[in-house]
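Here the protein sequences line up with chains D and Y, keeping their order. For the first sequence, our numbering assigns the number 1 to the initial residue and increments by one for each residue that follows. For the second sequence, our numbering assigns the number 1001 to the initial residue and increments by one for each residue that follows.
Keep in mind that the hints were calculated from the coordinates and are not lab data. Incorrect hints may have been included.
[As the list claims (entries may be wrong)] Pair by pair, the computed Cβ-Cβ distance ranges are:
1) K73(D) to N1017(Y): 47 to 55 Å
2) Y1157(Y) to T9(D): 32 to 40 Å
3) E1133(Y) to K74(D): 53 to 61 Å
4) H1052(Y) to T41(D): 35 to 43 Å
5) G1475(Y) to E57(D): 36 to 44 Å
6) D1061(Y) to Y86(D): 44 to 52 Å
[Stated by the list, open to error] Computed cross-link-like contacts, EDC-like style, restricted to lysine to aspartate or glutamate with a CA-CA straight-line distance of at most 16 Å:
7) K1032(Y) to D13(D)
8) K1128(Y) to D1249(Y)
9) K1032(Y) to E15(D)
10) K79(D) to E46(D)
11) K73(D) to E1212(Y)
12) K73(D) to D1213(Y)
13) K1180(Y) to E14(D)
14) K1096(Y) to D1023(Y)
15) K1032(Y) to E14(D)
16) K105(D) to D1249(Y)
17) K105(D) to E36(D)
18) K95(D) to D1427(Y)
19) K69(D) to D1205(Y)
20) K1180(Y) to E15(D)
21) K73(D) to E1216(Y)
22) K69(D) to D1249(Y)
23) K69(D) to E1208(Y)
24) K1032(Y) to E1046(Y)
25) K1304(Y) to D1232(Y)
26) K69(D) to E1217(Y)
27) K1078(Y) to D1104(Y)
28) K72(D) to D1137(Y)
29) K8(D) to E23(D)
30) K72(D) to D1023(Y)
31) K72(D) to D1213(Y)
32) K69(D) to D1427(Y)
33) K1397(Y) to D1364(Y)
34) K1180(Y) to D1053(Y)
35) K1180(Y) to D13(D)
36) K72(D) to D39(D)
37) K1402(Y) to E1431(Y)
38) K69(D) to D1213(Y)
39) K69(D) to E1046(Y)
40) K1180(Y) to D1023(Y)
The beta carbon of each residue, even a glycine, is placed where N, CA and C say it ideally should be.
Next come the chains, spelled out residue by residue.
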Amino acid sequence: MSYEVNGKTIEHDEEGYITNINEWELDLARAIAVDEGIDMTDEHWEVVNFLREYYSEYQIAPAVRVLVKAIKKKLGADKGSNKYLYELFPYGPAKQACKIAGLPKPTGCI
Amino acid sequence: MPKDEFKTPDLRVYGENPALEPDSMGHSSPYKALPEHQESLGFPGELVDGWHDKAIDKMGDLLSKNRALKVYLDSCVKCGACTDKCHYYLGTGDPKNMPVARQDLLRQVYRRHFTLPGKLFPGLVGAKDLSEEVLEDWYTYFHQCSQCRRCSVFCPYGIDTAEISMAAREIMDHIGIGQKYCNEIIAKVHQIGNNLGLPEAALIDTLEGLEEDVEEETGVAVRFPVNEEGADVLLVTPSADFFAEPHVDGLIGYAKVFHQAGISWTVSSYASEAANFALFTGSYEHMHKISSRIRKAAQELGVKRIIFGECGHAWRVAYSFLNTLAGPWDFLDPAYPTPQHICEVTLDLIERGAINLDPSANDDKVLTFHDSCNVARASRMGDTPGGQFHIPRAVIKAAVNKFVDMAPDTIHEKTFCCGGGGGLLTDDLTELRVKGALPRMEALQDVVDTHGVTHMAAICAICKSQFTKVMPYYGFSMDMVVSIHQLVSEAILLGTKE
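Excised from the complex, chain D in its bound form (with noise of 0.2 Å):
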């Protein structure tokens, strides 16, 4: 199970997400959305970009409210809401999106 990217082999789990995480770029990122159906937009990346960002210093995706009090601040009140994180990412926003941003599935009664 793997997603082949830049002449690169990416391993990924049944449900697709990588299984290194230090092994995300760019372009991996966009084949991923791909495969989920995704256009990413501006938007798109604001929350993927954020997720690595809080990834990177507490080692887990933030939780929802967190993610929607973020995104409230840099793209505006009136995008600030789970009901638009799910316009973005139909399937969940912390799954789906952790799965573009290459970081682990949340696990737990979510």
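We have chain D already, so just place chain Y on it with the hints.
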């Protein structure tokens, strides 16, 4: 994400039985745990050599320790009372999801190896060898049981399919076949302290954010303390309460209740999880290890009371097993029961006038309540029979003006599972989860149509996440699901005392 390759069932007139669809869910089995997750829990990394004999030995070991398991395997008379009581059967029509058929997957092997007639005349008594095919059926169909115990309510012998499914999963873990979702999570709790893998710094950052939000919204400085030594109360809540929606709105509710009642409290980063997935995998050893974190945190922080947040199976483990697993709790204040549920604490404060609620704050909503299986059927709350049904409803009714219950045979001890309990709340089981939610969705549709219900409150992190995910398949909005303490949070009067 590829489109789902299944059709969401149509809602039927409530109470209709499905036509049989043999093997229709034979393809549905969850991802297996990686060797690293298996081994970190002390299980073999993959299917071991000599797995057959080791499985039978493990079954013998469980039978020798768990008398109930033997009674359950011995006492079924095939009366059929359970057949149409499982939500997974009602949602899929697969006859192997009838509780009796699920039990028989284990029972046939039990009879072959542990009963005389089964040893001598297997064909006459429904005894069967544990072949590779049977083992595959075990993995598939014991992961289509959410251990909700609804069937056991209707069984004249009280046979508990959950015990049988837990035993089967424990046997499989011991021969190297574990479920990825549960075992990865159990390993994370041992390592980090919660199902999410939320480290201390992230927990503190998240709760600081909530303090800011609540102060901004209400003007009141409500605290969300972490690792505060000398606090009276240790709050043990599902880590989803820190992370997901609508769970976090419930957490805000607990904090407002503590604030207004003047109760000092804290969460612990070491024991930052109420859930105990080892219940689902039938592992006493790991249940004990997870529960022991709560004891250690309570002692180190020097708290006087332990209160559990809204989590179904956590409350079963807490209410029914905590004393055996991690007791005695003689270092806590004997004036309070150990443990307490947040709903009984809140209701007591309301009744004593220590907090005041204005239910008109929720006048935009008409509520119903989904009893969580483990709260309803595997525990109690407060000091009167049926408290686990009445206390959550009393809290809701104090917080809202409009409340109606769903059909009587879908609530209280007859409640349907949300469809995601028992370690099945994973994306690789989406089809099962959607179909298993059908009976609850039918009962909900009924009160939406007849009483204009707009919201359904839940008392369990799994129920909340499951409904948020599957309700859109049935045309309901995901924000129809609310936490009980989210309603309290809306209605509570902060800073005023009369």
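A quick look at each hint next to the structure:
1. Roughly 53 Å separates the CB atoms of K73(D) and N1017(Y), a value that falls within the hinted 47 to 55 Å.
2. About 56 Å separates the C-beta atoms of Y1157(Y) and T9(D), a value inconsistent with the hinted range of 32 to 40 Å.
3. For the pair E1133(Y) and K74(D), the beta carbons lie near 55 Å from each other, so the given range of 53 to 61 Å is met.
4. Distance hint check: the CB atoms of H1052(Y) and T41(D) are about 55 Å apart, inconsistent with the given range 35 to 43 Å.
5. With their beta carbons about 40 Å apart, G1475(Y) and E57(D) fall inside the hinted range of 36 to 44 Å.
6. Take D1061(Y) and Y86(D): their Cβ atoms lie about 47 Å apart, and the range 44 to 52 Å holds.
7. Of the supplied pair hints, the one linking K1032(Y) and D13(D) holds, its CA atoms being roughly 12 Å apart against a limit of 16 Å.
8. Using a Cα cut-off of 16 Å, the hinted pair K1128(Y) and D1249(Y) is violated, with the two alpha carbons roughly 51 Å apart.
9. Proximity of K1032(Y) to E15(D) is assessed by CA-CA distance (about 12 Å); at most 16 Å being required, the pair is judged to hold.
10. Between K79(D) and E46(D), the direct Cα distance comes to roughly 12 Å. Compliance with the 16 Å bound is thereby established for this hinted pair.
11. For the hint linking K73(D) to E1212(Y), the alpha-carbon distance of about 14 Å falls within 16 Å, and the restraint holds.
12. For a cut-off of 16 Å, the pair hint linking K73(D) to D1213(Y) stands: about 14 Å separates their Cα positions.
13. For the hint pairing K1180(Y) with E14(D), the CA-to-CA distance comes to about 11 Å; that is within 16 Å, so the pair holds.
14. At most 16 Å may separate the alpha-carbon atoms for a hinted pair to count; K1096(Y) and D1023(Y) meet this at roughly 7 Å.
15. Taking the CA atoms of K1032(Y) and E14(D), the gap is about 10 Å. The hint holds against a cut of 16 Å.
16. About 23 Å separates the Cα atoms of K105(D) and D1249(Y), which puts this hinted pair outside 16 Å; it is violated.
17. For the given pair, K105(D) sits about 15 Å from E36(D) by alpha-carbon distance, which is consistent with the 16 Å threshold.
18. Our distance criterion of 16 Å between C-alpha atoms is met by K95(D) and D1427(Y), whose separation comes to about 10 Å.
19. Between the alpha carbons of K69(D) and D1205(Y) the distance comes to roughly 13 Å, so the proposed pair stays at or under 16 Å and holds.
20. Restraint check: the Cα-Cα separation between K1180(Y) and E15(D) comes to about 12 Å, which is no more than 16 Å; the hinted pair holds.
21. With a CA separation close to 15 Å, the supplied pair K73(D) and E1216(Y) stays within the 16 Å bound.
22. Distance check on the hinted pair: K69(D) and D1249(Y) sit about 15 Å apart at the alpha-carbon level, within 16 Å; holds.
23. For the hint linking K69(D) to E1208(Y), the alpha-carbon distance of about 13 Å falls within 16 Å, and the restraint holds.
24. A threshold of 16 Å between alpha carbons decides the hint, and for K1032(Y) with E1046(Y) the separation of about 9 Å falls inside it, so the pair holds.
25. A distance of roughly 5 Å separates the Cα atoms of K1304(Y) and D1232(Y); the hinted pair therefore holds under the 16 Å criterion.
26. Pair hint K69(D) plus E1217(Y) holds up; C-alpha atoms about 14 Å apart against a cutoff of 16 Å.
27. Only pairs whose Cα atoms come within 16 Å are accepted, and K1078(Y) paired with D1104(Y) is accepted, the gap being roughly 10 Å.
28. Distance hint between K72(D) and D1137(Y) is unfulfilled; the C-alpha atoms sit about 48 Å from each other, more than 16 Å.
29. Our distance criterion of 16 Å between C-alpha atoms is met by K8(D) and E23(D), whose separation comes to about 10 Å.
30. Restraint check: the Cα-Cα separation between K72(D) and D1023(Y) comes to about 48 Å, which exceeds 16 Å; the hinted pair is violated.
31. Between K72(D) and D1213(Y) the CA atoms are separated by roughly 13 Å; this keeps the pair inside 16 Å, and the hint holds.
32. Among the hinted pairs, K69(D) with D1427(Y) is inconsistent with the structure: their alpha-carbon atoms are about 26 Å apart, more than 16 Å.
33. This hinted pair checks out: K1397(Y) and D1364(Y) have alpha carbons roughly 14 Å apart, not beyond 16 Å.
34. Taken as a hint, the K1180(Y) and D1053(Y) pair is broken in the structure, with Cα atoms around 24 Å apart against an allowance of 16 Å.
35. Of the supplied pair hints, the one linking K1180(Y) and D13(D) holds, its CA atoms being roughly 11 Å apart against a limit of 16 Å.
36. Straight-line distance between C-alpha atoms of K72(D) and D39(D) comes to about 21 Å, which puts the hinted pair past the 16 Å bound.
37. For the hint linking K1402(Y) to E1431(Y), the alpha-carbon distance of about 33 Å lies beyond 16 Å, and the restraint is violated.
38. In summary, the hint linking K69(D) to D1213(Y) is supported, as the alpha carbons are separated by about 9 Å, within the 16 Å threshold.
39. Annotation: proposed proximity of K69(D) to E1046(Y) is violated, straight-line Cα distance about 43 Å (limit 16 Å).
40. At roughly 23 Å between alpha-carbon atoms, K1180(Y) and D1023(Y) are farther apart than 16 Å, so this suggested pair is violated.
When each numbered hint is compared with the structure, violations occur for hints 2, 4, 8, 16, 28, 30, 32, 34, 36, 37, 39 and 40.
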